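In order, the protein sequences belong to chains A and B. Position one of the first sequence corresponds to residue 0 (numbering that gives the first Met the number 0), numbered consecutively onward. Position one of the second sequence corresponds to residue 0 (numbering that gives the first Met the number 0), numbered consecutively onward.
Hints were generated in silico from the structure; no laboratory data involved. Note that this is a predicted model, so its numbers are computed, not measured. Please note: incorrect hints may appear among the correct ones.
Any copy will do: because identical chains look the same in the list, a pair fits if it lies in one copy or spans two.
[Claimed, not checked] Mimicking DSS-like on lysine-lysine, the simulated pairs with C-alpha atoms at most 27 Å apart in a straight line are: (1) K88 to K4; (2) K163 to K4; (3) K29 to K191; (4) K247 to K88; (5) K29 to K247; (6) K247 to K191.
Number of protein chains: 2
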Amino acid sequence: MADQKPLIVVTNDDGITSHGIRTLIEIMQKLGTVVVVAPNAPQSGMGHAITIANPLRLYPSDIFGDTIAYECSGTPADCVKLAKHHVLKDRAPDLVVSGINHGYNTSISVLYSGTMSAAIEAAIEGIPAIGFSLGDFSRQPDFSHVRDHVEQIVRQVLENGLDKGVALNVNFPPRAAEDIRGIRVCRQANAKWQEVFDERRDPHGRRYFWLDGDFVNFDTHAEDTDVYAVENNYTSVVPCQYDLTAYKTAETIRGWF
Amino acid sequence: MADQKPLIVVTNDDGITSHGIRTLIEIMQKLGTVVVVAPNAPQSGMGHAITIANPLRLYPSDIFGDTIAYECSGTPADCVKLAKHHVLKDRAPDLVVSGINHGYNTSISVLYSGTMSAAIEAAIEGIPAIGFSLGDFSRQPDFSHVRDHVEQIVRQVLENGLDKGVALNVNFPPRAAEDIRGIRVCRQANAKWQEVFDERRDPHGRRYFWLDGDFVNFDTHAEDTDVYAVENNYTSVVPCQYDLTAYKTAETIRGWF
């Protein structure tokens, strides 16, 4: 049918009960038919993990009322696979959206992010996909100001599609709506986490470690990065691809063998 | 000291007791001083996951005799972080090698692979890194024929270094040494797993799923891919980068906002 509403799969990595996914579902319901398949527990930092050594559980959930929803024991990438190949019986969704993540996924965090792995998994499946993240780690952040940008970006993708194999990584600064200066298309900043391991002892005297660290941006003078954008009150959009080949290096090392 | 041996960190994703890491350690001991930090249990399919919601355990291990070794409760990426920032007290290793994985990590598998996430984590840390995988999933594969290629590739990297932010993804076909035709530098094949979920019921009558599927190569006519190389009895080498930005798409969508 020409006037059929777009089919939109919603997932995340903070878990199905988080405020971020509830906000994203509310916005998507204005734009299409929504099916939710999301983790039953937090999956932050899961990167592009998939569940191959353990069975997966998938149960219907009524926490979003009439909206079709499932909670899954697996990772965000598992959720996308289950949505496409089991829940939708291989009917391809028109869009997969992931988030809204509680916390930034700018720069190198795209690699560790379950939010973005869900979007990239959808891109591998040939489905246009967007991961949304807000730079606020609290459990109840204020999402009110991001709604217009989410809707604007999703409408563009539904209308124009995305290049094959590409997913968008969208990050919102935690600012009031009136302080946001607009949307900027960026590149991934060259940055890393400078890790510190916090060493402690458990009640039995055995050592354990907490991973901790500081974010270090090596692109401090560049104005075309996602980190620059959010630090200057723009919403950042980075198109991400899953072909990791470093073509220039390939030319260099071809002479080695 | 000018004649100081290179410091080589060895890790993997199949776990510290696997045959693949033992083989890799034996080869590396000819080329440098080896420090092992590897998962205490299989971590296949963990992608670039890191452990942020749970504490990490790290214990010394004597399973490799005099070789310094630690077993870690975390992911392959955690192991690299712990090796650099805790075990080596921020002395940068000259090389991080990961594997030898039991099973291919060609094409799209680079994203799901704990083996390659360890190598890419090292690249983020600015350390030259290589992930090695053999196309044989058995617990006791025959590694005899890969030794020469591992050594040849590692010597090139130790002598020439690698471009910043690049790690090598090396895959060996499961063939006898005399059938291997050489080493080819390739690009990541455009392929995916076509998932099938195997639905079962547990003894309590509740449904569960096993992730399963077939590998589908969309690059069947290309001769420059890693999948083509291993299928034609070459060892494949793909340089991988962690900047995921799709620069061409960025140009296209800049007009959207």
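Which holds for K29 with K247 at a C-alpha limit of 27 Å: within a copy, between copies, both or neither?
neither (44 Å within a copy, 31 Å between copies)
When no copy is specified for K88 and K4, does a C-alpha distance of 27 Å or less occur within a copy, between copies, both, or neither?
within (18 Å within a copy, 56 Å between copies)
Tell me, please, which holds for K29 and K191 at an alpha-carbon limit of 27 Å: within, between, both or neither?
neither (37 Å within a copy, 32 Å between copies)
Evaluate K247 and K191 at a C-alpha cut-off of 27 Å and name the case that applies: within, between, both or neither.
Answer is both: 22 Å inside a copy and 24 Å across each meet the 27 Å cutoff.
When Cα atoms must be at most 27 Å apart, do K163 and K4 count as within-copy, between-copy, both, or neither?
within (22 Å within a copy, 46 Å between copies)
Using 27 Å as the alpha carbon limit, work out where K247 and K88 are close: within a copy, between copies, both or neither.
Neither way: K247 and K88 sit 41 Å apart in one copy and 33 Å across, limit 27 Å.
When held up to the earlier numbered hints, the structure conflicts with 3, 4 and 5 and fits the remainder.
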